[in-house]
Structures are given as structure tokens and as C-alpha cells.
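Visitor: So the protein lines, in turn, are chains A and L.
Using the numbering used here, the first residue of the first sequence is number 1, and each one after it goes up by one.
Using the numbering used here, the first residue of the second sequence is number 1, and each one after it goes up by one.
Honestly, the hints are just simulated from the structure, not real lab data.
Note that CB positions come from ideal geometry on N, CA and C, so glycine has one too.
Hints may contain errors.
[Said to hold, decoys possible] Here's a subset of chain A near chain L, in silico, CB distances under 10 Å, partners left out: (1) S232; (2) Q782; (3) S783; (4) R787; (5) V790; (6) L791; (7) I793; (8) A794.
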Amino acid sequence: MDWASKIPTLLACAWLLPLASFVIILVGGRKLGRAGRGAAWIACGAIVGSFCLSTIALAGWLWINPLAPPADHAHHGPAHASVSSAPEHSRERPAESSLHKSPGSPTAQPLCGIWYTLGEFGSSRVAISYYIDGLTVAMFVMVSLIASCIHVYSIGYMHEELDEVTDEAVRLADGRRLRRPGRFHRFFQHLSLFSFSMLGLIVAGNLAMVFCFWELVGICSYLLIGFYIERSAASNAANKAFIVNRVGDFGMIVGLMVFWAGLGTLSFGDIRNGAGEVVEQGVFSLVRPEKADHDLVIPEGLVRWSARGEISQFARAQAAAGVPAAALPAERIEQWRSSGWGYGLLVLGGLGLFCGCIGKSAQFPLHVWLPDAMEGPTPVSALVHSATMVAAGVYLTARCFPIFVPEVLLTIAVVGCITLLLAATIALTATDIKRVLAYSTVSQLGYMMLALGSGGWVAGVLHLFTHAFFKSLLFLCSGSVIHACRTNELTQMGGLARKMPWTAVTMLVGCLAIIGAGIPLVGGLSGYYSKDAILAQQYVFAAANPHLGWMFYAAAIGAAMTAFYMFRLWFLAFVGKPRDAHVFDHVHESPPVMTGPLVLLAVLAVAVAWHVPLTHWGLEPLLSQARPLGIDQPEFRGLMLASTTIPGEHLSHDASVHTSAALLAFAMGAAGVLLAAVMYAARKLDPADVAGQFPRAYRFLLNKWWFDELYHFLWVRPTMALSRWTAQLDQRVIDYVWDSAARGVTMIARLDDWVDRRMVDRALDRIADAVYRLAIRARGLQSGYVRHYVLAIAVGLVALVVVMSLYWSNASAGW
Amino acid sequence: MNPFSDPVGLPHYLLVGAVLFVCGILCMTTKRNAVGVLMGVELVLNGANVNLVALGSPALYSNGVAPLGLDGPLTAAFVIVLAAAEAAVALAIVLSYYRTMATIDVDQASQLKG
């Protein structure tokens, strides 16, 4: 079977199924089943179908690209790689680099192609295309699987929306609570649209298409955060998410413009025609050409753009010398390239793309929208705001990794590091169960960015996958708790484990997975593998860049804080005495339609990073296979910050590195859990006392580092002031001008009206009156009596004869 | 010229025609009875017929040539035929009118008056 041609079709079907579901629900709406109940079945069917198709595609992918056995990492030479600029450097590379090329899995050839060409402009084209490699296929399976679980869970969670809903959180002007029709079908309609957009974002074969779906998932996020649109908190949060994302997307557009203008293409991979010839070079092969052994080379387009002044000078000089215009000699291009022309554009483009990722993945300084986004229904928080959409930024960073230069990677690492610390500290004091999880999400996304930025491609992407499973599990558990308690506040919970055993156990599994629980060097839950990989990469990074060693410690401390806040949450919610008897009395375990997905996700959160028993097949080898060519070099130095180097990922597989990282991660995690246990389970240490010891720090964290206030002061207030000022301008000046004009027109109209009534109308009325009176009189002639007419005829005849006789003469009579 | 002393000639015929005509007009204008009006019409038509026949009769001309010649009596014959047809139609209308309104007073026939 020709899998290479089948896989794109399978994924296209998997991608379009949720769109079909969206359209059906959009058209059918409330008419589907009783009160729109059928919408849930359509949406679930579509996403489960997507999952099945994705799984078949994954099987097909593994069939044509079997995973290689893990390699021995001993024989890496101390080779040096940097942005290769000199031509001779790149020419001598292939022979040399075959020695120190990462042995790992033989990288599989990605499948690229075009489904539909929207337009062609010369050599540039805009198309709906695909770029499918191991990452794409794995993401498809992950997204559709989690989305399936959450669709099923939502049937239970959203059942109140089937009937008329009384929204307790909304008071109308007359003091009553808002009553509105249920929006069950609309929830599933948005979920389907989101699934379609997310899958489209993953399968997209060019940056323009990525951008379209990037915005579509943003819209879905907006719609879902604002699902309870009548609550002002929800609508504000939706607006905040949308506006903050615009800031990031502005940078992304800058990045897109750099690549479009400089390279003339936004396609990821090479587009081949039927005969297998390359008809359009993609961004990846332009930046990392095969003949330079996938080393980063400044593309000619960017060099030319950067040196456009020199090029026109060259042309003018030729014209002045009278020489017929000749092409620019290739040596000049090489000369410019080797002196770094166009490198700044590559940095700008990379930073621009990362800017979009900052917004979407809620990285510092645009992290403020994600915690507020928890105003949406909890299944949405699980799907959109933890597992998939916010991971899209990490996905795009991983996807575009080959075109990032070390300066950009360093920025990514630093931003990720700041984010992970910042969010973890805020999560320590948050009391809203969903906000703890939201800050935890931000923190884990920071881990992913940190891993990617410091060269750990597989580590970062692996964490994206494991995090998707355990964080969606944690959110669904919190949804189950909220469903039972009808409150988000941890301070009103406690002792829930007795009443909700399934939720408590699955949530404990999620907590253990996120802190990376396991036996060091033996194995553990899914988070164990990804977090160890990240810490190992940090260890290597710190060894290569001693001046950036603090990032390693930050990651380690972040691990301890993760353990602390997760177990603080679990202890507060599930053990101890109930803090609010009223809430506790009404608690009940959720129905099987909700606990079922919890159990499935718990199993996956434990096992998703495990190898298939007795084989070397698993998620990590699949991702190693998907790692872009050429990025796993021992050293990767940029031209601007020559002191910083990005170490290759294979270095972190070294046994000594791995041992240290694993032990450190275990120690940190254990410390965090112990502290949480001492404070919240054993009650040996009163949290209020601790907070009282550091009142300033506590207030600082409780107020989320004053970020909302800072942004309110820096951006919101000036914007509001500007709006008020323009509103005043509008009211005072522009409105005045228009009002005056309107008054003038009214006056003219009044004058015209007077003329019309007094003069024209009166004259016409007079004429009409006269005619009327005349007609009344003339009517008397038409008596209807025959005798009158006959008399009139006779008299007329006589009169005629008399008149004629006056002129009578014999001559005219002919007598 | 004195009609009472002159021998009978064309003027006398024309005079009789004129008298008949005037009588007919008067009859039409003064009668409210529809049959009376019809009779007036007949008188008017016959007044004209007298003129036509007189103007077509060579015996009334000294030179023996009448201005209308044979056209006079022929036209008169047409007029008689038309008058008969007209009388038939008119009487039919009158009868029908009588059936519905139980009167033949033409002044009462004002249903179509606006």
C-alpha cells in the first residue's frame, strides 16, 4: 500500500471531519435531537472519527518510516558548528560532518505537498498545503485523542445547558438573576470549530496557512472563554485574551513579512512536482540547504535584500563605466554572506515568529491573559487553554526551529525561564483551583520554551505531549470538583476524597505526573521523562555557557515549586476536614460520562512516555525521528552573541548528565511534596504563619506580581484616556460641526416648507378651486333630460342658421 | 311672395316640412312619455322626408329638372326604412324599461346619472 500518498488524504479527512460537524451544528442548532442534544453526538462522532483516521495515519507513517533503535552516544567528536558563512566551510562540511552527525534515528523524509493552490503570483504562491512528519502525525493523534475525551466529558459537564439556565453570577438591573435558554449545541459547535482549526494549524504546510489557523484558534478561544458572555468577568477575559494575542500576532506578521519579502516563500518544505523535481524551495531548505549538510546558511534572498544598496551601486557603477549590465558575480554574494549581511533579518524574522508564540503560549510578558481565560467552561480550559491551543506556540517554535539562529534561541530560553519562575511563584499562593492550574500551565509552557531555546528539541516537544495529557487530566478533575462543589475556591473545599474517590485518585495521578514522579534512573510517570530531559538539557546548556548557569537553577527550583503547588492543591481539596460544611454536604461523585475520560487520561498521563514493552518504539523515538535535520550539532554559535552557544541535544543523553539531572529532579520534587505535606496535610506548619512571616512577598505573589495593575497603568489607562479624549473630541468638535450643519439644513428646509405651503400650494389650491367651481356649474348643462339636449340642438341650429344668414348671399348659394 | 295666393310650388312643400320638423322638435322636448318622444322623432324624420321628395320632384320646377333628381325619393325611402328599424329598437327598449320600472316616463330613467 502506498502510504506516502494515503497519509495526506487520511489527515485531510481527519482535519475536515470537525468542520463538517461544525457546519451541521451551525445549520441544525437546537433542532438536533431534544434541545440540541444531538449536537454532542455529532461533534463526538466527528472527533472520534478524526482520532481513528489519525491513528491509522500514525500506523502508516511508522510503516514507511520505522523507528531506529536507540544509538550509542559515545563517539561524538568535539566538532564545532556555527552559522556557516564562508563558502569553503560549507564545502568541506559533508566529509567531516558524517562523523559527528547525530546517529539517532535516520530522519524520515517529511511529506510536503499542495492540496489546493489559492493563487500564484510569479514564482510565489499561496496554497493550502501540508507538511507531514512524525511531529505532525503525533500531534494529530494527541490533539484528536484529548479532544475526544473532552468532548465526551463535556456531555456530562454541560448538561445543565440543555434546559433553560439561571445564571447565578449575573444580576439584572432589577435585581433578578438572568434566565436564558441553554446553549448546549453552541458549545459543541465551538468545540468542533476549534478542533478543525487546531488540526489545520498542525497540518499546515506554510506559514501563511499557519497564521490563518492561528487566528482561527484565537477566535475559538475568544468564543469559548466568553461562553457565559453575560458575566462581565467572562466577556472581559475574552477581550483580554483576544487583545493580548493581537500584540503577539503583530510581531508574528513582522516575522512573516521578513520571510515573504526575503525568501519569496512561506512554505516549510520543498514542493515537488509529479516527477519529483523541486518546483519551489521551502524556507527550511533555503535556510539549511542540503548541500551545506543542513547547516544554517544565510539565504541569498536575505543577503540580497540586506545588501540592496550595494547592489544598486554596483549596477550604477557598471552603467557609468559603459559596461553592458552583467549579473552580480556570485563571489560578491558569498563575500557579503560571510561578513554577515542578512543575518539581522534572520534574527528579526525569528524573533517576530517567536513573538506570536509568546502571545499564544502565554509567555512573559504576555502571560496575563491565560489565568483570566479560566472564566470559560472547564472542558474548554482543559482542551484549549492547557492541552492544545496554548501549546500551539510551542509547536510553532518547534516547527520553525531550523530557521532560528542562536540569538533567537537564547531569547526563547530566557523568556521561557522567566515565565516558568514567574508563573510558578504566583501559583504558590493562588486559591482558585483553576487559577493554580492556569499558572501551572504557564509555568510548564515556560519549561517547554526553555527546553527548546536551549537546544532540547525533543525534550521540549516531549514535554508538550506529556503535559497535554496530564494537564488536561488535571483540568477535567478540577472540573469534576467544581461541578460537585459549585465553587472554585480551595478555601471552601477539603476532605473531598471520601466523597469523590475517582476524581481524587485520578487527580493524584495527574499531580504525580506533572511533578515527574518516578524512581530515578529506572522509570516513572510521563512527566518524569520529559522533565528529566529538560533538566539534563539545562545541565548541558549551563556547562556550555557558565554565565547563563542561573537558568539551570531556575529550572530546578521551578521543579520544586511545581511539586509544592500541585500537592498544596491536592491536599487542600481532597484531604483534611471539610472547610465549608454547606459545600461538602452537596458534593457527589460525577457521572460515568465524566469519570470515564478521567480514567483514560490518567492511564495516558502515566504511560504516554513509556516505550512499547520489549521494543524500542515509543513517543520519544518518534520525536527523535521528527527532529529537523542539522539542528543537533554539538555547538551552535551565532554571529552577534559569539559567547553563547546552543549545545546539541545528544550531549544530554550522556550517562553522567542524565544521572545528575534525574537525581536533582527527584530531590527537588520530593522537597516540594514534603513541604506541601508538612504544611497542608500534617498541619505541622501553619500556612498563615508562613504568609505572616513574609507579608510583603505574600502580597506580591497574591497580587500576581502586580502585572495586571502594571499593565493597567501602562497600557489600559493611557488607552482609556486616549479614548476618552477622542470621545470628547468627537462629542465636542465633530458632533458640533455636524449638529450645526444639521441645524442649517433644518432651517433651510423650514424656509422651503414655508414657501411651499404659503405660495406654491396656495396658488395651486386657488386654480384647483376655480376649476372645481367651474365644473360644478358646467355640470348643470348635463341634465340628462333628452328634451334639454334636443332643445339645445334646435336652438343651436336656429342660431347657426341665423348667423349663416347674416353672411348669406345669392351668389354663394349658386342661385 | 304670398303662399296663400301663389300656386302650390316648392316653397309650400318646404313650409310643410318645416312645420312638421318644428312640431316634431316640440313633441320631443315637451313629452315625458317615451312613446310621445318617439312620435316626435318620427315627425322630424318625416319633415325631412317631405323636403327630400319635394327637392327631387321635377313637376315642381319650371324647367322640369329637379336638383336632386331620383336621389330625393330614394333617400326618403331609406329614411323610412331606418325610421322603422329605429322605432322597432326604441319600442323594444321602452317595453323592456316598462317591465322593470313600471313606467315609461323618460325623466324617471336616471339610473345611470352620476
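Visitor: Hint by hint, work out which the structure violates, then give me just those numbers in ascending order.
Guide: Of the numbered hints, just 1 does not hold.
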